[in-house]
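All chains should be built: construct the whole structure from the sequences, respecting the hints.
Protein sequences, first through last, are from chains A and B.
Sequential numbering from 1 applies to the first sequence in the working numbering.
Sequential numbering from 1001 applies to the second sequence in the working numbering.
Some hints here could point you the wrong way.
[What the hints assert, rightly or not] Derived BS3-like pairs (lysine-lysine); straight-line CA-CA distance at most 27 Å:
no., chain 1, residue 1, chain 2, residue 2
1, A, K124, B, K1448
2, A, K124, B, K1145
3, B, K1137, B, K1047
4, A, K32, A, K171
5, B, K1145, B, K1119
6, B, K1120, B, K1137
If you are wondering where the hints come from, they were derived from the structure by calculation, not from laboratory data.
Given the structure is predicted, the values throughout are model-derived calculations rather than measurements.
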Amino acid sequence: MAYLELKNLHVALEDGTPIVKGVDLSVGLNEKHAIMGPNGSGKSTLAYALMGHPAYVVTEGEILLDGEDLVEAGADERAQKGLFLAFQYPHAIPGVTVTSFLRSAINAIRKAKAGGTDDPIPVKEFRTEILAAMDRLKVPRELASRYLNDGFSGGEKKRVEILQMALLRPKIAILDETDSGLDIDALRIVAGGVNELVGPEMGALVITHYQRILNYVSPDHVHVFVGGRIVESGGPELAHRLEAEGYDAFIPKEEVAA
Amino acid sequence: MSETEIVKGIRDEYAYGFANPDEAENYFFKSGRGLSHEVVEAIAEHKQEPEWMRTFRHRSLDYFLARPLPEWGGNVAEIDFENIYYYIKPTEKQAQSWEDLPADILDTWDKLGIPEAEKKYLAGVGAQYESEVVYHKLQADLEAKGVLFLDMDSALREHEDIVKQYIGTIIPQNDNKFAALNSAVWSGGSFIYVPPGVRIELPLQAYFRINAENMGQFERTLIIVDEDAYVHYVEGCTAPIYSSDSLHSAVVEIVVKPRGRCRYTTIQNWSNNVFNLVTKRAVAYEDATMEWVDGNLGSKLTMKYPAIWLMGDRAHGEVLSIAFAGSGQHQDAGGKVVHAAPNTTSVITSKSISKNGGRAGYRGLLEVAKGAHGAKSKVVCDALILDDESRSDTYPYIRVDENDVDLGHEATVSKIGEEQLFYLMSRGLSEAEASAMIVSGFVEPITKELPLEYAVEMNRLIQLQMEGSVG
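Written out as structure tokens, the structure is:
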């Protein structure tokens, strides 16, 4: 069984409006998956629902991480068990430095892994790790002492998202990159992070609207997402077909008619 | 789980609520309940005070009795003045060494971590238990430089001329009802004199502890910072949790002479049965700086607006205020600055947080007198409301009698956003941890002004108050 398994997953808004309508998907460690779909297809909803956003309700199906169903778990528990969501627009937390936030997040995950007893990362180890990760991912060191995402440029926010991904060591990282507004620099940062970190300990699921990012991340698997469902899956060639033909070719006939 | 459930119960986890019942029976001297000229006379007599101070006390009591209770701020009508003990002397003598204190009292200070803190990062400590300062110590090198740091009663005996010269001049005994009450029954508090040019690098700290039920604590503090001198004074306060109320009503008067600087930091963490009605005022002369850093986490009702009168050219004043109100708490905090000289500058920064039905607010006065041209002031008050039951108020009074001034005022009210919480939780933090992190960040502009040890303590208190509330 793959590390992340979605089985017949249905997600609705709090008012009951169905958005995701039966998704089956397997993402293994050391795998790069891309979900591509047109605007309004429900891709971002899928990403948020996987991470446990309270505004999205799983009405049917399962989210299995290493065989364990996480549908009832809160976002914190999902993170502790190895899921990570890189936000498209990460929120600012004024007054909390990147360093102090990272330390708290690492310690929260360590605590969960230690069965609920505090197991804080030693100061020296933390410092070594954070500096090494920043250098490797080309995150300017001055960002460490700034308030999290507060006044950051788009590129800085991306860098810090990827830094978090590196330090929290998730098993499955979901990257929400649906927007077309990202500049090439930001795309490169995200792609660089994914390429750097996907390996025997991590798999990634990149959610995107445009093929652009896939020029930098070469996905092993591409899924076309339309109307809340995966309508076609394939290898990297699928992304190129999409780029050439557009999404129309993948929209089921009855939905075009409607 | 809703946000309301997540962050409920600020102060459910009050760590200093322990009482010391054995000690209460062993007090050296205890006045009866209630307030009268007899009680005032008994206090003065017991302390063997000079005639002028007795007169000062009796006249103050007349002022107190004559003034009506304030009808603004919080509900002070609940205070039962007849049920309060106005004077309790726990020990016969003041100790110069912690070991000389009775074991029960020492145990209280140990639990509060004061002797430990003194060793690590303080230049001097005063510890007041009920009405009297039971322990007092200043580093020898500061003593040699002429620094005076002693309790107010000893100061009245040993430096009567200085006390007589200043007491009641910054805050007149009839300034307000509670200042009058303090002037009538005051006991304890700190007296500090810093000679010209002496800079005290480590903080001096006073710690105020109420132990007895229905206790009234009325310390009186006077700080004189001479020319080019500097001092940072820190006070902390806690009390046990009792079912009936106690009263803390202090008066703090500060004089900062030309080019001097005084910083006064308060971390008030009284239990939720304490009325905390305090008058604090400083005057700053030419090129002097006065800073109030005022953290209010505890008490049932706090009414406190540290004030600065900028009396000399280019004097600078700052008030940094945090008010944190949980269930059953009302924090009416803020600051006042009066620009009475040209080119004076001031900044008031207020952060209030209310939760679980608590009420926190900012009440401020900014006044620029005629002739104080070139005055500059900035007032920023931000409120964070954590649920729908809680309340925040802002009362920013401004009076300007001068045209050539530069004034700025900003106010924001915000709630913890679901998206912010989700973002932090998606990194593994629990809802309580995520909320605490957002609150810590919100007050960071003030905690970063605290010495490290106090900043850590402040964040720990915030954490404690946000924890114990989940599930």
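Outcome of the hint check:
1. About 23 Å separates the Cα atoms of K124 of chain A and K1448 of chain B, which keeps this hinted pair within 27 Å; it holds.
2. The straight-line distance between the Cα atoms of K124 of chain A and K1145 of chain B is roughly 41 Å, outside the 27 Å bound, and the hint therefore fails.
3. A C-alpha spacing of about 21 Å is found between K1137 of chain B and K1047 of chain B, which places the hinted pair at or below 27 Å, so the restraint holds.
4. Our distance criterion of 27 Å between C-alpha atoms is met by K32 of chain A and K171 of chain A, whose separation comes to about 12 Å.
5. About 20 Å separates the Cα atoms of K1145 of chain B and K1119 of chain B, which keeps this hinted pair within 27 Å; it holds.
6. Distance hint between K1120 of chain B and K1137 of chain B is fulfilled; the C-alpha atoms sit about 14 Å from each other, no more than 27 Å.
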